[in-house]
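For chain E, the structure is supplied; the task is to place chain Y on it using the hints.
Okay, here's what each chain looks like letter by letter:
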Amino acid sequence: KQEVTQIPAALSVPEGENLVLNCSFTDSAIYNLQWFRQDPGKGLTSLLLIQSSQREQTSGRLNASLDKSSGRSTLYIAASQPGDSATYLCAAISGTYKYIFGTGTRLKVLA
Amino acid sequence: GAGVSQSPRYKVAKRGQDVALRCDPISGHVSLFWYQQALGQGPEFLTYFQNEAQLDKSGLPSDRFFAERPEGSVSTLKIQRTQQEDSAVYLCASSLGGSGRLEQYFGPGTRLTVT
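As given, the protein sequences belong to chains E and Y, one line each in that order. Position 111 of the first sequence, counted from 1, bears residue number 111 in our numbering, the numbering being contiguous throughout. Position 7 of the second sequence, counted from 1, bears residue number 7 in our numbering, the numbering being contiguous throughout.
Pulled out of the complex, with its shape left as it was, chain E reads as follows (with noise of 0.2 Å):
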């Protein structure tokens, strides 16, 4: 049974530092692994989307990686700013259409 874990729960870091946001997962026969952003009270947002061929994808100050072997992704945000506070879900997909989510990394940005 796939789960999936995301370190650390929280994270505050002040403005323009670099930051890297972790997802852990068991099954490593996974299809896609996807990184969306959720405001509060929002729905969910697609930042990243990686297919189980590829290692990493990247759109703007956000570059996603995968490592299928050793079971894990990492989230890169370059530049940090306070638009990027939010929480940070990633979702597995392994052997089913079913999304795995991990729990999020709630991230705060200070000026």
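Honestly, the hints are just simulated from the structure, not real lab data. Owing to the predicted nature of the structure, the values given are computational and were not obtained by experimental measurement. Using N, Cα and C, we set each Cβ at its ideal position, and we do this for glycine too. Possibly wrong hints are sitting among the right ones.
[As the list claims (entries may be wrong)] Chain Y residues, not near chain E, derived (Cβ > 10 Å throughout):
no., residue
1, 18
2, 22
3, 72
[Claimed, not checked] In silico DSS-like cross-links for lysine-lysine, where the CA-CA straight-line distance does not exceed 27 Å:
no., chain 1, residue 1, chain 2, residue 2
4, E, 42, Y, 11
5, Y, 78, Y, 14
6, Y, 57, Y, 78
7, Y, 78, E, 42
8, Y, 57, Y, 14
9, E, 108, E, 42
10, E, 1, Y, 57
11, Y, 14, E, 42
12, Y, 57, E, 42
13, Y, 11, Y, 57
14, Y, 78, Y, 11
15, E, 68, E, 1
[Stated by the list, open to error] Derived Cβ-Cβ restraints for the label pairs, each shown as a range:
no., chain 1, residue 1, chain 2, residue 2, range
16, Y, 53, E, 12, 45 to 51 Å
17, E, 53, Y, 17, 45 to 51 Å
18, Y, 3, E, 11, 25 to 31 Å
19, Y, 84, E, 12, 28 to 34 Å
The following block gives chain Y in isolation, referenced to the frame of chain E:
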């Protein structure tokens, strides 16, 4: 183009009431999913439709939960005799293909509060 929409966005129900939550997927999307997100947790799978067929309802927490998609487009999640533990955000997602491995696009969710 229009994304996934859900209504109502907020719903307050008294314990024991029935509620119906609506999801309008992206036009032409074959697959539709419902998820439940409790406070401080990640979303958890409830059920999956391919067109009008409900192929997986293994995540529905009890027989009080019922979902339908009669014409293969709009879907309704119904909760009968609501309980306080049903309070959560209910997210709907759709994807283009029927394989289930394509990217899912999420709606804004319906926040249900049972008092």
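Q) Is the Cα-Cα distance between residue 11 of chain Y and residue 57 of chain Y 27 Å or less? A) Status holds; Cα separation ~23 Å.
Q. Between residue 78 of chain Y and residue 42 of chain E, is the straight-line Cα distance small enough, at 27 Å or below?
A. holds, 21 Å
Q. Are the Cα positions of residue 42 of chain E and residue 11 of chain Y separated by 27 Å at most?
A. holds, 15 Å
Q: Take the C-alpha atoms of residue 78 of chain Y and residue 11 of chain Y, compute the straight-line distance between them, and say whether it is at most 27 Å.
A: Distance of about 13 Å is within 27 Å: holds.
Q) residue 57 of chain Y and residue 42 of chain E: Cα distance at most 27 Å? A) Since the Cα atoms of residue 57 of chain Y and residue 42 of chain E sit roughly 25 Å apart, the hinted pair holds (cutoff 27 Å).
Q: Take the C-alpha atoms of residue 57 of chain Y and residue 78 of chain Y, compute the straight-line distance between them, and say whether it is at most 27 Å.
A: Holds. Residue 57 of chain Y to residue 78 of chain Y sits at ~13 Å (cutoff 27 Å).
Q: State, for the Cβ atoms of residue 3 of chain Y and residue 11 of chain E, whether the hinted interval 25 to 31 Å holds or is violated.
A: holds, 29 Å
Q) Is the straight-line distance between the alpha-carbon of residue 68 of chain E and that of residue 1 of chain E 27 Å or less? A) Cα-Cα ~16 Å, so holds.
Q: Measure nothing beyond the straight line between the CA atoms of residue 57 of chain Y and residue 14 of chain Y; if it is 27 Å or shorter, mark the hint as holding.
A: Judged against 27 Å, a Cα distance of about 26 Å means the pair holds.
Q: Would you check the hint for residue 14 of chain Y and residue 42 of chain E, treating anything up to 27 Å between C-alpha atoms as holding?
A: holds, 23 Å
Q) Does the alpha-carbon distance linking residue 1 of chain E and residue 57 of chain Y stay inside the 27 Å limit? A) holds, 17 Å
Q.
Minimum C-beta separation from residue 22 of chain Y to chain E exceeding 10 Å: can you confirm that?
A. holds, 15 Å
Going down the numbered hints, you'll see the structure goes against none, and every one checks out.
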